[in-house]
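These are the residues of each chain, in order.
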Amino acid sequence: ELKVEQNPLFLSMQEGKNYTIYCNYSTTSDRLYWYRQDPGKSLESLFVLLSNGAVKQEGRLMASLDTKARLSTLHITAAVHDLSATYFCAVDPNNDMRFGAGTRLTVKP
Amino acid sequence: EADIYQTPRYLVIGTGKKITLECSQTMGHDKMYWYQQDPGMELHLIHYSYGVNSTEKGDLSSESTVSRIRTEHFPLTLESARPSHTSQYLCASKKGGYNEQFFGPGTRLTVL
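Chains as they are written, first to last, in the working numbering: chain A, 1054 to 1162; chain B, 2 to 113.
Any given hint might turn out to be false.
[Said to hold, decoys possible] No more than 27 Å apart at the CA atoms, straight line, and that leaves these computed lysine-lysine pairs for DSSO-like:
| id | chain 1 | residue 1 | chain 2 | residue 2 |
| --- | --- | --- | --- | --- |
| 1 | A | LYS1161 | A | LYS1094 |
| 2 | B | LYS19 | A | LYS1056 |
| 3 | B | LYS58 | B | LYS18 |
| 4 | B | LYS18 | A | LYS1056 |
| 5 | A | LYS1056 | B | LYS58 |
| 6 | A | LYS1056 | A | LYS1161 |
| 7 | A | LYS1109 | B | LYS18 |
| 8 | A | LYS1070 | A | LYS1109 |
| 9 | A | LYS1094 | B | LYS58 |
Rather than coming from a laboratory, the hints here were simulated on the basis of the structure.
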């Protein structure tokens, strides 16, 4: 059974600080997705990582993928309040996209 | 911008009722999905479809059915709603290949 595990599940950080969210998955997959969800809203796509060693950056967020370790990271640089949201990683080895439990990020002034 | 729609957005019904949640997309995507999500929590895959006349069961499929008669339409039916079905239901679609999903706005269902 495929497992997608994120940690931490809850993260409270100060503005201006850096932090990394981790996503481990239990089956072979050469692609991984990151999504953001604001409270009461639906999900929006952040990054699509399609190969081992893939790295993508958008603003203060950078995502990377290590398919051999079955690990993806989402790094936050100099956090700002607008980044407060829940972040989900997902894999779809069988075209049946499965999500982690999400990391609820709160950025405090 | 993604064009995927869900109706109704909010629904309050009594136990035992049969309901259908609608999902439509105008992007011509082959793959469509239904997820159940309690607020801010994990997404649970209910059903998915690779294309017309294709449906597959996810992890929470036993109490619901889906159909895919047209590419753009993927309705979810609960035959007999129960309070445990109270949740948010998210529909998503994607093109074939290694593309991301696009999500609809969700249907927030309350079963009394």
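Checked hints:
With a C-alpha separation of about 21 Å, the suggested pair A/LYS1161 and A/LYS1094 falls inside the 27 Å cut-off, and the hint holds. Distance restraint check for B/LYS19 and A/LYS1056: the Cα-Cα separation of roughly 32 Å exceeds the 27 Å cut-off, and the hinted pair is therefore not satisfied. Annotation: proposed proximity of B/LYS58 to B/LYS18 holds, straight-line Cα distance about 22 Å (limit 27 Å). About 34 Å separates the Cα atoms of B/LYS18 and A/LYS1056, which puts this hinted pair outside 27 Å; it is violated.
Restraint check for A/LYS1056 and B/LYS58: the C-alpha separation of about 17 Å stays at or below 27 Å, so the hint holds. With a CA separation close to 31 Å, the supplied pair A/LYS1056 and A/LYS1161 exceeds the 27 Å bound. Between A/LYS1109 and B/LYS18 the alpha-carbon distance is near 46 Å, which puts this suggested pair outside the 27 Å criterion. Only pairs whose Cα atoms come within 27 Å are accepted, and A/LYS1070 paired with A/LYS1109 is accepted, the gap being roughly 20 Å.
Of the supplied pair hints, the one linking A/LYS1094 and B/LYS58 holds, its CA atoms being roughly 25 Å apart against a limit of 27 Å.
Hint compliance for this structure: hints 2, 4, 6, 7 are not met, and every other hint is.
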